[in-house]
Amino acid sequence: MEPIIQFKNFSFQYDSQAEPTLRNINFSINPGEKILLAGPSGSGKSTIGRCLNGLIPNVDHGDIQGACLVDGKDITETSLFDLSFTTSTILQDSDSQFIGMTVGEDIAFSLENDCQDREKMHKTVNKWANELELTALLKQTPQTLSGGQKQLVALAGVLVDESPILLFDEPLANLDPAAGYKTIELIDKIQKEVNATVIIIEHRIEEVLAKHVDRIILVNDGEIIADQEPNDLLHTDKLEKVGVRSPLYVKALEKAGINLLEVPDLTSVKELPKSSTIKEKLEIWKSKQTEPDELDHKKALLKLENVGHQYNKHQQNPLHGVNLTVNQGDFISIVGQNGAGKTTLCRTICGFISNEGKISLNNQNLADLSIKERAEHIGYVMQDPNQMISQKMIFDEVALGLRLRNVDEDTIKEKVYQTLKICGLYPFRNWPISALSFGQKKRVTIAAILALEPEIIILDEPTAGQDWKTYTEIMDFLRELNERGTTIMIVTHDMHLMLEYSKRSLAFAKGELIADTTPIDLLTDKNLVAKASLRRTSLYDLAVHYDLDNPNDFVKAYIDSEEQVVK
Amino acid sequence: MQEDDKILGYQPGNTFIHRLNATTKLIFLLLVSIACMVTYDTRFLVVICVFSLICLKLAGIKWRQISFIVKFIIVFAIINLIAVFIFQPTYGQELYGSKNVLISAGYFTVTKEELFYLLNLVLKYICSVPLVLLFLLTTNPSQFASSLNKIGVSYKISYAVSLALRYIPTIQTDYWAISAAQQARGNELSKKASLGKRIKGTLNIVIPLIFSSIERIDIISTAMQLRRFGSKKKRSWYVYKPFTTKDYFVTAMAIFLVIIVVILWHINAGRFFNPFK
Chain R
1 MEPIIQFKNF SFQYDSQAEP TLRNINFSIN PGEKILLAGP SGSGKSTIGR
51 CLNGLIPNVD HGDIQGACLV DGKDITETSL FDLSFTTSTI LQDSDSQFIG
101 MTVGEDIAFS LENDCQDREK MHKTVNKWAN ELELTALLKQ TPQTLSGGQK
151 QLVALAGVLV DESPILLFDE PLANLDPAAG YKTIELIDKI QKEVNATVII
201 IEHRIEEVLA KHVDRIILVN DGEIIADQEP NDLLHTDKLE KVGVRSPLYV
251 KALEKAGINL LEVPDLTSVK ELPKSSTIKE KLEIWKSKQT EPDELDHKKA
301 LLKLENVGHQ YNKHQQNPLH GVNLTVNQGD FISIVGQNGA GKTTLCRTIC
351 GFISNEGKIS LNNQNLADLS IKERAEHIGY VMQDPNQMIS QKMIFDEVAL
401 GLRLRNVDED TIKEKVYQTL KICGLYPFRN WPISALSFGQ KKRVTIAAIL
451 ALEPEIIILD EPTAGQDWKT YTEIMDFLRE LNERGTTIMI VTHDMHLMLE
501 YSKRSLAFAK GELIADTTPI DLLTDKNLVA KASLRRTSLY DLAVHYDLDN
551 PNDFVKAYID SEEQVVK
Chain Y
1001 MQEDDKILGY QPGNTFIHRL NATTKLIFLL LVSIACMVTY DTRFLVVICV
1051 FSLICLKLAG IKWRQISFIV KFIIVFAIIN LIAVFIFQPT YGQELYGSKN
1101 VLISAGYFTV TKEELFYLLN LVLKYICSVP LVLLFLLTTN PSQFASSLNK
1151 IGVSYKISYA VSLALRYIPT IQTDYWAISA AQQARGNELS KKASLGKRIK
1201 GTLNIVIPLI FSSIERIDII STAMQLRRFG SKKKRSWYVY KPFTTKDYFV
1251 TAMAIFLVII VVILWHINAG RFFNPFK
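From first to last, the protein sequence lines are chains R and Y.
Under my numbering, think of the first position of the first sequence as 1, with each following residue one higher.
Under my numbering, think of the first position of the second sequence as 1001, with each following residue one higher.
Here chain R stands alone, though its shape is the one from the complex:
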């Protein structure tokens, strides 16, 4: 069979970069294959994607060596438009890629550009809307949909083209765990229906492997590190070496001292052999874990009474009736479906938007304080770093808050350098911010808030778009801060983060606080998991698979063991 995609000794260097981003890569993909393109951020995996859809060299200019053939066409001699009939791309941020005002219009966009007549266009749109169960939403604005629905609209918008290659750029990045799983299921279903070649760019291996994948191509530093079947790759240590997280259950097996080479199939918990030796080893390992000492601190810091906010009269399920007390030293994760009110809660606490109820900090009513005054005590790192950054240089950005508080320059310098070191940004201190990646910008905004030393730090999805290495750095650092007494609240979709780092979880659904408990209790309550659109971890499945006495205890043991490693 003739491969549909071929890279031959391919190198690429962006005009704006000093070093090549891709170096002498070779691989090919056959029609109908499903490929996971994995690697840490900055590895070059997205650049490979941009070659496949023709953005390189048509939009991003640079120097190309070697050849890249997509469906027999050399990308250097093919226009973006011609290639778009071959490769359909579903971009990472579905929110900002919507062009049409309504769902129907957005699905029809490429057909409009092909100048198809209206009747035929409506027919095609209706067909795919029906297929993906979007018919009821055709007249809605895409921005008002849930994260999973948005992903469906984006998918329908490219399926109308019926191109042979579907390219997904980090499809899980902005989805809650349940919606993420559904997306992976859907990709699988669609591929079987339309017989397309599917390429998924993602660093969340475990989530993608929930459905069968033919091969994983692992990229690091612009080179192909591995190009093999998932099962073979999971038997090696290549993933962790480049800073990509391998599935949790695989790590648990390793921790329990099980030789992975003796396990024939590692691709899912279901496929693991039901052997009594493995069960025994897991049980012995579990019994050896000790619980870390829990510090007893119960000083109430932030008290929320009947907190809520409604953006407009038409808003369904606005945030309402939130009652809770945040204690000094808490490490809280805020989880729940997209649009459940998590970000709204943060913004209400910080005074960005009005509040229906009462919030008090150390018994002082916050209603009397301006945003600036609240920020002396509560630091908020927003989801989108571009909305926070206002200076050109990294140093100035981190120093801004201190300068506005009239701290003298010497102290500022000392404090800023210290913060930059903590955030791993010290080597870049004299760089312009425009030269940084999204993940690095995010770290700059975290540094800018840290420099002000607030009592409470609220972070809105701090690890979105970060690979595992940076993720670990940021989170370990936050844990350190927490141990020194800073109260931390994190909005997240990452179940690992919630389990591993936070001590307390707030779950939201449809504008209501539905649970305030420990992460373990939340994730093991079937009812809450479904309501808050979360997902059980594979550790739990592993424990069930081997009939361990108490699966919850096993999950807990694993998390305790992770914590021990850090300390």
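Since the hints were made in silico from the structure, they are not lab data.
Given the structure is predicted, the values throughout are model-derived calculations rather than measurements.
Beta carbons: idealized from backbone N, C-alpha and C, even for Gly.
One or more of the hints may lead you astray.
[Unchecked claim] The following label-pair restraints were derived from C-beta to C-beta distances: (1) R:K469 with Y:I1171: 34 to 40 Å; (2) R:E483 with Y:K1192: 31 to 37 Å; (3) R:N306 with Y:V1258: 56 to 62 Å.
[Said to hold, decoys possible] Listed below are the simulated BS3-like cross-link pairs for lysine-lysine, each with C-alpha atoms no more than 25 Å apart in a straight line: (4) Y:K1192 with R:K358; (5) Y:K1241 with R:K139; (6) Y:K1232 with R:K123; (7) R:K392 with Y:K1200; (8) R:K255 with R:K281; (9) Y:K1197 with R:K392; (10) R:K139 with Y:K1150; (11) R:K358 with R:K303; (12) R:K251 with R:K238; (13) R:K288 with R:K556; (14) R:K531 with R:K211; (15) Y:K1057 with R:K313; (16) Y:K1241 with R:K123; (17) R:K469 with R:K241; (18) R:K313 with Y:K1062; (19) R:K120 with Y:K1241; (20) R:K556 with R:K251; (21) Y:K1232 with Y:K1156; (22) R:K288 with R:K255; (23) R:K120 with Y:K1233; (24) R:K503 with R:K298; (25) Y:K1191 with R:K358; (26) Y:K1150 with R:K123; (27) R:K120 with Y:K1234; (28) Y:K1062 with Y:K1124; (29) Y:K1156 with R:K120; (30) R:K123 with Y:K1234; (31) R:K127 with Y:K1241; (32) R:K127 with R:K192; (33) R:K270 with R:K192; (34) Y:K1246 with R:K139; (35) R:K123 with Y:K1233; (36) R:K120 with Y:K1150; (37) R:K279 with R:K255; (38) Y:K1232 with R:K73; (39) Y:K1156 with Y:K1234; (40) Y:K1232 with R:K120.
Based on the hints, put chain Y in the right spot on chain R.
For chain Y alone, kept in the frame of chain R given last:
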């Protein structure tokens, strides 16, 4: 503080005016505005004024949606009127060929004729501003683009205009988010700071606003190219609505109003209606 109601942009609705074809509304807006610009027949202008205001009411537009922009226009209009008066206080009497002095003050002598002329200018504002607002608030930007394209504007420009219209609300939301972020960093912009400080602080919001807008434009233009926008000389429109009876009726009404202006021109022997004769 951010309030969704204050956002100036298309608000879906189901009134007669919302249901009209975008092309119809555009034609009506253009023809009637031009007619009002050309004529100085006070009787005609008064009728159109009343008509525009009734239409605003009919479309269910609330005062708070448009209050900001209207206040802005009022200030601008007053400056304009004062300037017109200062540059040539005698323009009215030259136009109408008579002189009825109200206040005698040398160069700045106020005549009935001048005031009448200024009244006509005010009426022109009241005729066209509500029509423009009506158009912006009741027209789906996509349909607007398709109607611009229909009357001969290139589809790339049409689409650019519609995207710009659609992004007004997004940019407003961005502005509030960035402003809040700046305040949280210690840039006091609330009423607790002096006016000078607030103005200076607001300037700090502009840079991130520009950056986040550029980023947005970059992403959307990539998304559009990947889906072949601009690959052909022509494109079709998913939302295009064919004309219905009410559209023909409204278009005919616009043409009728233009004809009236032409007739009035003949009756008045010029653009001006002269009550001083």
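Do the hints match the structure? See the list:
1. Taking the beta carbon of each, K469 of chain R and I1171 of chain Y are about 36 Å apart, inside 34 to 40 Å as hinted.
2. Between E483 of chain R and K1192 of chain Y the Cβ separation comes to about 35 Å, which falls inside the hinted range of 31 to 37 Å.
3. Under the hint 56 to 62 Å, the C-beta atoms of N306 of chain R and V1258 of chain Y, about 59 Å apart, fit the expected range.
4. A hinted pair counts as satisfied when its Cα atoms are at most 25 Å apart, and K1192 of chain Y with K358 of chain R qualifies at roughly 21 Å.
5. The straight-line distance between the Cα atoms of K1241 of chain Y and K139 of chain R is roughly 15 Å, inside the 25 Å bound, and the hint therefore holds.
6. For the suggested pair K1232 of chain Y and K123 of chain R, the alpha carbons sit about 22 Å apart, so the restraint of at most 25 Å is met.
7. In summary, the hint linking K392 of chain R to K1200 of chain Y is supported, as the alpha carbons are separated by about 18 Å, within the 25 Å threshold.
8. Restraint check: the Cα-Cα separation between K255 of chain R and K281 of chain R comes to about 10 Å, which is no more than 25 Å; the hinted pair holds.
9. Between K1197 of chain Y and K392 of chain R the alpha-carbon distance is near 21 Å, which keeps this suggested pair within the 25 Å criterion.
10. A hinted pair counts as satisfied when its Cα atoms are at most 25 Å apart, and K139 of chain R with K1150 of chain Y qualifies at roughly 23 Å.
11. With a C-alpha separation of about 8 Å, the suggested pair K358 of chain R and K303 of chain R falls inside the 25 Å cut-off, and the hint holds.
12. With a CA separation close to 13 Å, the supplied pair K251 of chain R and K238 of chain R stays within the 25 Å bound.
13. For the given pair, K288 of chain R sits about 12 Å from K556 of chain R by alpha-carbon distance, which is consistent with the 25 Å threshold.
14. The hinted pair formed by K531 of chain R and K211 of chain R meets the criterion: a straight-line CA distance of about 23 Å does not exceed 25 Å.
15. At roughly 20 Å between alpha-carbon atoms, K1057 of chain Y and K313 of chain R fall within 25 Å of each other, so this suggested pair holds.
16. The straight-line distance between the Cα atoms of K1241 of chain Y and K123 of chain R is roughly 16 Å, inside the 25 Å bound, and the hint therefore holds.
17. Distance check on the hinted pair: K469 of chain R and K241 of chain R sit about 10 Å apart at the alpha-carbon level, within 25 Å; holds.
18. A hinted pair counts as satisfied when its Cα atoms are at most 25 Å apart, and K313 of chain R with K1062 of chain Y qualifies at roughly 14 Å.
19. Between the alpha carbons of K120 of chain R and K1241 of chain Y the distance comes to roughly 15 Å, so the proposed pair stays at or under 25 Å and holds.
20. A threshold of 25 Å between alpha carbons decides the hint, and for K556 of chain R with K251 of chain R the separation of about 14 Å falls inside it, so the pair holds.
21. Using a Cα cut-off of 25 Å, the hinted pair K1232 of chain Y and K1156 of chain Y holds, with the two alpha carbons roughly 11 Å apart.
22. At most 25 Å may separate the alpha-carbon atoms for a hinted pair to count; K288 of chain R and K255 of chain R meet this at roughly 12 Å.
23. Straight-line distance between C-alpha atoms of K120 of chain R and K1233 of chain Y comes to about 20 Å, which keeps the hinted pair within the 25 Å bound.
24. Taking the CA atoms of K503 of chain R and K298 of chain R, the gap is near 13 Å; set against the 25 Å cutoff, the hint holds.
25. Proximity of K1191 of chain Y to K358 of chain R is assessed by CA-CA distance (about 21 Å); at most 25 Å being required, the pair is judged to hold.
26. Between the alpha carbons of K1150 of chain Y and K123 of chain R the distance comes to roughly 23 Å, so the proposed pair stays at or under 25 Å and holds.
27. A threshold of 25 Å between alpha carbons decides the hint, and for K120 of chain R with K1234 of chain Y the separation of about 17 Å falls inside it, so the pair holds.
28. For the given pair, K1062 of chain Y sits about 22 Å from K1124 of chain Y by alpha-carbon distance, which is consistent with the 25 Å threshold.
29. Restraint check for K1156 of chain Y and K120 of chain R: satisfied, since their Cα atoms lie roughly 23 Å apart, inside the 25 Å limit.
30. The suggested pairing of K123 of chain R with K1234 of chain Y holds, with an alpha-carbon distance near 20 Å, which does not exceed 25 Å.
31. Note on K127 of chain R and K1241 of chain Y: the hinted pairing holds, with a Cα-Cα distance of about 21 Å set against a maximum of 25 Å.
32. Between K127 of chain R and K192 of chain R the alpha-carbon distance is near 17 Å, which keeps this suggested pair within the 25 Å criterion.
33. A distance of roughly 22 Å separates the Cα atoms of K270 of chain R and K192 of chain R; the hinted pair therefore holds under the 25 Å criterion.
34. The straight-line distance between the Cα atoms of K1246 of chain Y and K139 of chain R is roughly 23 Å, inside the 25 Å bound, and the hint therefore holds.
35. With a C-alpha separation of about 23 Å, the suggested pairing of K123 of chain R with K1233 of chain Y holds against the 25 Å cut-off.
36. Taken as a hint, the K120 of chain R and K1150 of chain Y pair is honoured in the structure, with Cα atoms around 20 Å apart against an allowance of 25 Å.
37. Among the hinted pairs, K279 of chain R with K255 of chain R is consistent with the structure: their alpha-carbon atoms are about 13 Å apart, no more than 25 Å.
38. Simply put, K1232 of chain Y and K73 of chain R have alpha-carbon atoms about 21 Å apart, close enough for the 25 Å limit, and the pair holds.
39. Distance check on the hinted pair: K1156 of chain Y and K1234 of chain Y sit about 9 Å apart at the alpha-carbon level, within 25 Å; holds.
40. Proximity of K1232 of chain Y to K120 of chain R is assessed by CA-CA distance (about 18 Å); at most 25 Å being required, the pair is judged to hold.
In summary, the structure agrees with every hint in the numbered list given earlier.
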